[in-house]
Amino acid sequence: MANFTVVLAQVKPKLGCVADNLALIEERIQQATAAKADLIVFPELALTGYFLKDLVPEVARRVDSPEIRRLVELSRTISIAIGFVEVTRDYRFFNSALYLEDGAIKHLHRKVYLPTYGLFDEQRYFAHGEQFRAFDTKLGRVGLLICEDMWHLSASYILAMDGATLLVCLSSSPGRGIDGESLGSANAWQQLTSTTAMFLNCRVLYCNRVGYEDGVNFWGGSEYVAPSGESLARATLLEEDMLVTTVEEGALRRERIFSPMLRDENLFVTMQELRRIKRERCL
Amino acid sequence: MAGLGVNTGLLRQLLVGFIRDEVRKVGVNKVVLGLSGGIDSALVAFIAAEALGPENVQAICMPYKTSNPESEAHARLVAQACGVSISVLPITPMVDAYFEMFPDADNMRRGNKMARERMTILFDHSALLPALVLGTSNKTELLLGYGTLYGDMASALNAIGDLYKTQVWELSEAVGIPREVVTKKPSADLWAGQTDEEELGFSYRQVDELLYRMVDLRLTRDELIMAGFEASFVDDIYKKVQNSHFKRRLPLIAKVSNRTIDRDFRYSRDWGK
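From first to last, the protein sequence lines stand for chains A and B.
Numbering of the first sequence is given in numbering that gives the first Met the number 0, commencing with residue 0 and proceeding in unit increments.
Numbering of the second sequence is given in numbering that gives the first Met the number 0, commencing with residue 0 and proceeding in unit increments.
Please keep in mind that the hints were generated in silico from the structure rather than gathered at the bench.
Each hint should be verified, as a subset may be incorrect.
Result set (DSS-like, lysine-lysine): computed pairs, CA atoms no more than 30 Å apart in a straight line [said to hold, decoys possible]:
id, chain 1, residue 1, chain 2, residue 2
1, A, 13, B, 272
2, A, 52, B, 272
3, B, 254, A, 52
4, A, 11, A, 35
5, B, 183, B, 239
6, B, 24, A, 52
7, B, 29, A, 13
8, B, 29, A, 11
9, A, 35, A, 137
10, A, 13, B, 24
11, A, 11, B, 24
12, A, 52, B, 246
13, A, 11, B, 272
This structure is a prediction, so every number in the text was calculated from the model and none was measured.
Excised from the complex, chain A in its bound form:
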């Protein structure tokens, strides 16, 4: 695998305005294409905004809708990872992410872990996804995560065991906690992306949005974390940004030689114990 260039598009979507957001997304795709990037990543629900509530059915799109077909078309020149509200033929609504490549849908991930606590209310509006699957792309084997998914160790673990060497997390993370050196939620996420990368010897691309919705801020801070756990590029906090960064293949190779924890991970033992736990819980 060769090195590749990624753009993390730290945008500020307008709440419920699919056409406006699509225009913004196309503009960013053009900029990334001009910068000769191989992949552009957008945040969770970039096409719609986050606190949608009863707007969910209105802004939802089928994967064969004109807007999605347009994005698929644009992926002929650059790979695209993007979040939107998906509606299925049986009228379930998912908080979904697409990975588009060479004019085709390479992968569709439906958010499995829908936060419904504190300021979050996703399970009220969305159906939850039921799988984590890695998939092959021109840039290597990739795993997609949507925000809260990443807070469940098992999600990243499954993707890594499924062969993903690049974890791409699309996020709409609200900023809170103003007592420390940096924003509380930013600190927590930075620990999470770093630790995940380190434990699984994977690269992590984290793309978070910015802007305010009903007084809630989204903190940005999109970043590229190397398999060593080191954050090699980080976008600004709270402001729109376009982070352009090169993912170096050699860093992955070297890390997997130096710290081959993933190689030594014992899937057999893990499965055996998980089966036992499941069995015992069912008693």
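With the hints as your guide, set chain B onto chain A.
Below, chain B without anything else, positioned relative to chain A:
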């Protein structure tokens, strides 16, 4: 335990961003606020001036005849310090005309009337300029219900409603609000010599320590008492929060349809913005 201390640089950036973003997205450039001469409205004026440019912030000082003359002087001082324009519109004629019909009205009714008189002036200027009305109620007041419903509690946007008074002080010092405004005793200024802390019966710093643990950290009553708070103080404050909750909510709507506003008709206010 994190505590009430704040990262003032970060907090300032968040609040400036909040005003800039939430004002401009509705297609407006200006804001209007009541400048009382106290610290809360001073802080909001400073944040707003930084967010939108001082030329886009209109401050209005609305004294009543019993207001302390020092308040207007402090309001002018604050306006000058952050570069916003200020107009002074006394509310005495309107308030007195009304109470000629109710000469026996007590201080609470008079205070509420004054707060609501000021609200009508701010919202009239909202239409005139046009500008959004900025609120100046802090989290301590909002939780205790120490404010007038549809009076000083009314606004379009409130930048400091999630800051305890202790945090307002901390941020105010950091943004450079004139010393005399930061250090003076908080007062609703309804009559000469009135102070909030005397009226409430406890200090803001005391109650903030309790509220922070009770509300933000969700400590139990037993844990609060273990932490050193008097049981009667804990119970008294809990009751204040509970009994004033109606002030923090929209009016109740009798449900009869399948989609009732705010119950099963739910949209963000920034819908389409």
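Going down the list of hints, with the structure as the test:
Under the criterion of a C-alpha separation no larger than 30 Å, the hint pairing residue 13 of chain A with residue 272 of chain B is consistent with the structure, at around 5 Å. Between the alpha carbons of residue 52 of chain A and residue 272 of chain B the distance comes to roughly 14 Å, so the proposed pair stays at or under 30 Å and holds. With a C-alpha separation of about 20 Å, the suggested pair residue 254 of chain B and residue 52 of chain A falls inside the 30 Å cut-off, and the hint holds. Taking the CA atoms of residue 11 of chain A and residue 35 of chain A, the gap is about 23 Å. The hint holds against a cut of 30 Å.
Taking the CA atoms of residue 183 of chain B and residue 239 of chain B, the gap is about 25 Å. The hint holds against a cut of 30 Å. Proposed proximity of residue 24 of chain B and residue 52 of chain A is supported: the alpha carbons are some 19 Å apart, at most 30 Å. In summary, the hint linking residue 29 of chain B to residue 13 of chain A is supported, as the alpha carbons are separated by about 21 Å, within the 30 Å threshold. Only pairs whose Cα atoms come within 30 Å are accepted, and residue 29 of chain B paired with residue 11 of chain A is accepted, the gap being roughly 22 Å.
For the proposed pair residue 35 of chain A and residue 137 of chain A, the alpha carbon gap of about 15 Å is at most 30 Å, so the pair holds. Our distance criterion of 30 Å between C-alpha atoms is met by residue 13 of chain A and residue 24 of chain B, whose separation comes to about 9 Å. The hinted pair formed by residue 11 of chain A and residue 24 of chain B meets the criterion: a straight-line CA distance of about 12 Å does not exceed 30 Å. Our distance criterion of 30 Å between C-alpha atoms is met by residue 52 of chain A and residue 246 of chain B, whose separation comes to about 24 Å.
Straight-line distance between C-alpha atoms of residue 11 of chain A and residue 272 of chain B comes to about 11 Å, which keeps the hinted pair within the 30 Å bound.
The structure shown violates none of the earlier numbered hints.
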